[in-house]
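Engineer: Residues 1444 to 1664, numbered by the numbering used here, are exactly what the sequence shown covers, in order.
To be clear, the hints were calculated from the coordinates, so they are not data collected in a lab.
It cannot be assumed that every hint is accurate.
Unchecked claim - Computed Cβ-Cβ distance ranges for the label pairs, DEER-style:
1. F1539 / L1474: 23 to 29 Å
2. F1485 / R1519: 29 to 35 Å
3. R1499 / E1601: 16 to 22 Å
Yeah, the Cβ is synthetic: ideal placement off N, Cα and C, and Gly gets one too.
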Amino acid sequence: MQVAGCTARSVTINAYDTCHSTGSIRCVNVLRDAIYVGVRNFDSAPDSIADQLGRRDAEDIFSDWFTVAFDSYADRRTAFAFAVNPHSVLRDLYLFHDEDDDILWDAVWNVAARRDNAGWTAEFRIPLSQLRYNAGPGGAERPWGINFAREIAREGEESLWAATPADAPGIVSRSGTLNGLDSLRPASRLELLPFVRMLVADHSRLTESVPVAPPSRRLQT
1444 MQVAGCTARS VTINAYDTCH STGSIRCVNV LRDAIYVGVR NFDSAPDSIA
1494 DQLGRRDAED IFSDWFTVAF DSYADRRTAF AFAVNPHSVL RDLYLFHDED
1544 DDILWDAVWN VAARRDNAGW TAEFRIPLSQ LRYNAGPGGA ERPWGINFAR
1594 EIAREGEESL WAATPADAPG IVSRSGTLNG LDSLRPASRL ELLPFVRMLV
1644 ADHSRLTESV PVAPPSRRLQ T
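When you get a sec, could you build the whole thing from the sequences and use the hints?
Structural biologist: Written as structure tokens, this is what we have:
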């Protein structure tokens, strides 16, 4: 995978051991409230791309996938991962202890994928409120860990941008580095959920008699 040019507000990413899969990470941008990732997955046989439809977090479908993972605490132990298949099926999970994962973790984020004659593309929008990170003093450099993965189902292939040797332990600890996050502020955790409340009254019961207390008496002297 290769990192292509991005806009002036983008961050820089560096890998320790980059693999050579046929993919290009178009852009990683951090704006005020979210991280945006654009990716192009080239494929020499675009008609053979596996894109089976399934529920969110599906693990039993035959499909290609692209994943981006953020070690936002920079502890080399934990990370938040976001994945999509060519049919825009979402999958997210929390990585801990370097290589264990919790598929039940769900975040609020958006992604759109599209197939074309060159392969398929995906555009992620991940709100900063869905990540956990340390927002230190303004101007302080706070690098994160970052990694990308691509799965090609028909080839039984999985490749990582910051590669992990097959005979070596660890996943998060082998991530690359995401720099340029010196202006991040604490993200708001407030989420509003609109709802409607209805009240149904049974007026037939309002005719029941209600006992009334007798009036008080004055004491005569």
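Engineer: Could you tell me which of the hints above the structure violates, numbers in ascending order?
Structural biologist: none
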